[in-house]
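Construct the entire structure; sequences and hints are all you get.
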Amino acid sequence: MTALLQVDHVGRSFSGGLFSRRRTRAVADVDFTLSAEQPEVFAVIGESGSGKTTLARMVLAMTAPSEGAIRFQGRDLREIRSRRDRLDFMRHVQPIFQNPFEAFNPLKRVDRYLYAAAARFRGAATRVAAEAMADEALHQVGLSLAEVKGRFPHELSGGQLQRTAIARALIPRPALIVADEPVSMIDASLRMTVTNLFRTLRDELRVSIIYITHDLATAYYVSDRVIVMRQGEVVESGAAEQVLTVPRHPYSKLLKDSVLSIDGAWAGDALRSHAIP
2 MTALLQVDHV
12 GRSFSGGLFS
22 RRRTRAVADV
32 DFTLSAEQPE
42 VFAVIGESGS
52 GKTTLARMVL
62 AMTAPSEGAI
72 RFQGRDLREI
82 RSRRDRLDFM
92 RHVQPIFQNP
102 FEAFNPLKRV
112 DRYLYAAAAR
122 FRGAATRVAA
132 EAMADEALHQ
142 VGLSLAEVKG
152 RFPHELSGGQ
162 LQRTAIARAL
172 IPRPALIVAD
182 EPVSMIDASL
192 RMTVTNLFRT
202 LRDELRVSII
212 YITHDLATAY
222 YVSDRVIVMR
232 QGEVVESGAA
242 EQVLTVPRHP
252 YSKLLKDSVL
262 SIDGAWAGDA
272 LRSHAIP
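Each residue of the sequence shown is one higher than the one before, counting from 2 in our numbering.
Hint data in this document are derived by calculation from the structure and do not stem from the laboratory. C-beta atoms are modelled at their ideal positions from N, C-alpha and C, and glycine is treated no differently. Treat the hints with caution; some may be incorrect.
[Stated by the list, open to error] The calculated label-pair distances, taken between Cβ atoms and stated as ranges, are:
| # | residue 1 | residue 2 | range |
| --- | --- | --- | --- |
| 1 | Leu206 | Thr246 | 25 to 35 Å |
| 2 | Lys150 | Ser190 | 23 to 33 Å |
| 3 | Ser67 | Asp89 | 16 to 26 Å |
| 4 | Arg200 | Ser83 | 28 to 38 Å |
| 5 | Ala4 | Asp89 | 41 to 51 Å |
| 6 | Arg200 | Thr246 | 10 to 20 Å |
| 7 | His155 | Thr34 | 33 to 43 Å |
| 8 | Arg123 | Ser83 | 13 to 23 Å |
| 9 | Thr34 | Ser67 | 41 to 51 Å |
| 10 | Met63 | Leu191 | 23 to 33 Å |
| 11 | Asp258 | Asp188 | 36 to 46 Å |
| 12 | Arg249 | Ala147 | 44 to 54 Å |
Dropping the structure here:
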């Protein structure tokens, strides 16, 4: 199997402070591979403090592992040192963050972010070219440039703004998107729109997605495979349906039991999202 991403027994520890010798282990011995041939939605599930966001930051080359290695298309992410290396990496791997209102400067029109991505990652030399690339990406998420052009973040709904953030991530035509809690800050009625969009990106654009979440219902609905993290460690992994319907580890069972009306929430394709308390 040709690997798109290899997370090879990765760990990350942090020091307790300037005068402390104590170290906190945020991630311990996480190991998985994403195929380059078969795009998938790969969910990383856990509560706050489980290490899932630290793992996401390592995959995005924002934080270096203390142990193990992460390779994207065969290249160790520790080799990314220069601005040129970083730019080349970001052409292929793009983030989507939790709060869309924090991802955009409230004093800056949102279309400017799209034009900047078109120029930086796709070499758009003119405004016309940048607008065409922005409009194409927005259509892929169910919007259009006419709907967002000239508007500030507060003039868009949370769902529109998150889809705009996804459109910005699509402009470079990445192979991998790392989405850190992308639906937790938007209305429950819009979560289906975003999770369906992830399916479309996987199936039609052949983009793999690492979906970081504490929401078991959306993870079940959209994911192909999952890992469940607790205190930095992977306690269970496998096919999403298997792990989330018949969990084996006591912690996975506890998470499942904390989802209210689980049979109704997961019946067919009628998703009602219930987050872990």
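Hint by hint, here is what the structure shows:
no.: 1; hint: Leu206 - Thr246: 25 to 35 Å; verdict: holds, 28 Å
no.: 2; hint: Lys150 - Ser190: 23 to 33 Å; verdict: holds, 25 Å
no.: 3; hint: Ser67 - Asp89: 16 to 26 Å; verdict: holds, 25 Å
no.: 4; hint: Arg200 - Ser83: 28 to 38 Å; verdict: holds, 36 Å
no.: 5; hint: Ala4 - Asp89: 41 to 51 Å; verdict: violated, 18 Å
no.: 6; hint: Arg200 - Thr246: 10 to 20 Å; verdict: holds, 19 Å
no.: 7; hint: His155 - Thr34: 33 to 43 Å; verdict: holds, 41 Å
no.: 8; hint: Arg123 - Ser83: 13 to 23 Å; verdict: holds, 20 Å
no.: 9; hint: Thr34 - Ser67: 41 to 51 Å; verdict: violated, 20 Å
no.: 10; hint: Met63 - Leu191: 23 to 33 Å; verdict: holds, 27 Å
no.: 11; hint: Asp258 - Asp188: 36 to 46 Å; verdict: violated, 26 Å
no.: 12; hint: Arg249 - Ala147: 44 to 54 Å; verdict: holds, 50 Å
The earlier numbered hints that this structure contradicts are 5, 9, 11.
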